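There are 2 protein chains.
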Amino acid sequence: MQVIEGGVTAAKGFQAIGIHAGIKKNKKDMAMLYSKVPCAAAGTFTTNVVKAAPVKWDQEIVYNHPAAHAVVVNSGVANACTGEEGYGYCRETAGKAAKLLGIDETEVLVGSTGVIGQQIPVDTIKQGIERMIPLLEDTKEAGVLAAEAIMTTDTVKKEAAVQVELGGVTVTVGGMCKGSGMIHPNMCTMLSFVTTDAAISKKMLQKALSESVKDTYNMVSVDGDTSTNDTVLLLANGVAGNPEITEEGEDYRKFAEALNHVNTELAKKIAGDGEGATALFEVKVIGAESKEQAVTLSKSIVTSSLTKAAIYGHDANWGRILCAMGYSGAQFDPEQVDLYFESAAGKLKIIENGVSTGYSEEEATKILSEQEVTAIADVKMGDAHATAWGCDLTYEYVKINADYRS
Amino acid sequence: MQVIEGGVTAAKGFQAIGIHAGIKKNKKDMAMLYSKVPCAAAGTFTTNVVKAAPVKWDQEIVYNHPAAHAVVVNSGVANACTGEEGYGYCRETAGKAAKLLGIDETEVLVGSTGVIGQQIPVDTIKQGIERMIPLLEDTKEAGVLAAEAIMTTDTVKKEAAVQVELGGVTVTVGGMCKGSGMIHPNMCTMLSFVTTDAAISKKMLQKALSESVKDTYNMVSVDGDTSTNDTVLLLANGVAGNPEITEEGEDYRKFAEALNHVNTELAKKIAGDGEGATALFEVKVIGAESKEQAVTLSKSIVTSSLTKAAIYGHDANWGRILCAMGYSGAQFDPEQVDLYFESAAGKLKIIENGVSTGYSEEEATKILSEQEVTAIADVKMGDAHATAWGCDLTYEYVKINADYRS
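Going down the list, the protein sequences come from chains D and A.
For the first sequence, position 53 matches number 53 in my numbering, and the numbering has no gaps at all.
For the second sequence, position 404 matches number 404 in my numbering, and the numbering has no gaps at all.
No wet-lab data here; the hints were simulated from the structure.
If you're wondering where the values come from, they're calculated on a predicted model, not measured in any experiment.
Cβ coordinates follow ideal geometry from the N, Cα and C atoms, glycine included.
Any given hint could turn out to be false.
Unchecked claim - In silico DSS-like cross-links for lysine-lysine, where the CA-CA straight-line distance does not exceed 30 Å:
| # | chain 1 | residue 1 | chain 2 | residue 2 |
| --- | --- | --- | --- | --- |
| 1 | D | K366 | A | K399 |
| 2 | A | K24 | D | K349 |
| 3 | A | K349 | A | K291 |
| 4 | A | K349 | D | K399 |
| 5 | A | K268 | A | K254 |
| 6 | D | K349 | A | K56 |
| 7 | D | K24 | D | K56 |
Unchecked claim - To list a few chain A residues with every Cβ distance to chain D over 10 Å, as calculated:
| # | residue |
| --- | --- |
| 8 | Q2 |
| 9 | K24 |
| 10 | K25 |
| 11 | K36 |
| 12 | Q59 |
| 13 | G95 |
| 14 | T106 |
| 15 | E130 |
| 16 | D138 |
| 17 | V169 |
| 18 | S201 |
| 19 | S210 |
| 20 | E211 |
| 21 | K349 |
| 22 | S369 |
| 23 | T374 |
Sequences are here, hints too, so could you generate the full structure?
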């Protein structure tokens, strides 16, 4: 597997574009993704009872239709809590793109992100589609424009891509995502669009995606709020020409590994760009008796407001980490836990068997002052492990979210 | 039932005191509570797997011993994650007080709050006990000193008291508590000490307390972090002389109501004094199909970081409230929900059947600019309801918790 530059246009046969259509004041706010060759489509969606209209639209297509050609995304308005009117606008959006592209409306996926509760300006969106279609390109630059257009409070665009050999053929997997606030995926996360030119059956594509999100997007938490719009879409157009993957085996394993790499990179980029964040906070729980236990413990630590504030303060306040493990719901013996902090500045054992090692606070602060900080908790019960990603809690997070609509 | 001024010394036969013993630099850091007459003792404790040493000590006494006389509390150090050494210090603390008071060490409860992971300075604490015992008084002022001495990041002392007639006799219930950060009770909460001169059996006392905490302390959340030290202790010395309550009935009901009032007031004071808070945020879920559903929904809203930040910004960002209801785990129909904001400035219907009513943002902001703000969500499924209390999320919360140990 080789890491390459690029995003949704890295795989052969995918075109993209991003523009300022006029939903937001000055920033790009619409993106499109298109493959002339029909794609198998897989998706995972928010588990929130309150599902945005685009989530319902995409679920219908992914679950009940064989192929997709295009995705239309807008930022600025989430089209969530908008009732039947909002769902109607998804159909109008898809219909407009379908008509211009000469395809069926059920072959057009949609995505929205932004403020909840407002109706999308559907005329602006239709005009945006008219403008975008002639601009679609398969270049790296076009992928960047799309990645920029789906941003809301994100401070950086988020792309990742890899290549892998399948049956003697080079296959590419690339993607873009957005996500900074309301990030606490519980099934999948925010908006992420991954494309591949691999030939793979719809069934195996969905299987690979569903497995991958568990260890990637679902392990990210910025603020504990599971969004109404969480969507990961994965499109495979088969243009690479590899022998089609229709069952588990070496090729499936290699494809899944490539997909997992892209998803992990995208997930980490979301965590590191959490609203107001100054640091990526990685939490590894090792020595767990089961994967479930490791997941529960690591997510509880990475979600703890007190721990996140301590990371912001570069403060080795390890009691908050033990405390967060304790209320997670997982059973373990606190008096067996070892805890380490690690970063580019070094690694330090902070507690051993549940009590302080008498470590140097100065050294701990040095380690915690890096932009990527890892806490490793060893519960000494078995061989299972899990990694979760989050960020620190800062003044800026509060500022962004107190003022978000103004 | 009559609301009166006072706290732990409001009930007859209870003495208290608070002093600066030297654990903290300049602030009062130790308190004592004493009843010459033996008390029935009830308690509820943190469900965190990581339990502080004083929690373990108090559980042993409340569950296995018939009576208690005294409580010794320190602030500054939590005596949590301190292993066997920390538990030994609880015994030494209780033993010291017991010796000077001429009682048994199993009749002395202890409480600690502050930084996790450090050992308590047991010699300072023993000297503090020596100094406090001659100062114990049954005055209102002594109760205030005790309430002040248990504060950590609290900005105000927290007391409440009521009187009620039982069998022709006036019975008093009064209490004090502390709590500001690491507040997300799951069984009970932080440190709360309630005294009563009612005559009531230990069994009925525990029953009344266990029922009351569910609707009071357990409905408060400041930051989603369930502490290692959460403790509510209720002492009844019977000095009022009412016919002893030994079973359910009119007297038990009236006593439970009085207790509930004191606990509700104390719980609300904790929420309103949440670390860095500028507003008390009350959430009522009505029309629920079950109490459990109402509790789940109201706690999810009151805990949502995004909602709390919006309250800080006086922003009627109702989408975040519906979103928090949606990921709570409770089932309901988002398209049936009505939502209101209410405060001293008025009441406004914000959404009806899941979509915006087209309310005035200006009026909403006016309502949300008060120091006590209520959100009312009607899910229209039945008659059950629940109320949860929290606070807004502010820059100050982050500041306090990034710097807590420095």
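Results for each hint:
| no. | hint | in the structure |
| --- | --- | --- |
| 1 | D:K366 to A:K399 | holds, 20 Å |
| 2 | A:K24 to D:K349 | holds, 28 Å |
| 3 | A:K349 to A:K291 | holds, 23 Å |
| 4 | A:K349 to D:K399 | holds, 26 Å |
| 5 | A:K268 to A:K254 | holds, 21 Å |
| 6 | D:K349 to A:K56 | holds, 27 Å |
| 7 | D:K24 to D:K56 | holds, 24 Å |
| 8 | Q2 | holds, 38 Å |
| 9 | K24 | holds, 17 Å |
| 10 | K25 | holds, 18 Å |
| 11 | K36 | holds, 37 Å |
| 12 | Q59 | holds, 15 Å |
| 13 | G95 | holds, 23 Å |
| 14 | T106 | holds, 24 Å |
| 15 | E130 | holds, 29 Å |
| 16 | D138 | holds, 36 Å |
| 17 | V169 | holds, 42 Å |
| 18 | S201 | holds, 32 Å |
| 19 | S210 | holds, 19 Å |
| 20 | E211 | holds, 22 Å |
| 21 | K349 | holds, 14 Å |
| 22 | S369 | holds, 13 Å |
| 23 | T374 | holds, 19 Å |
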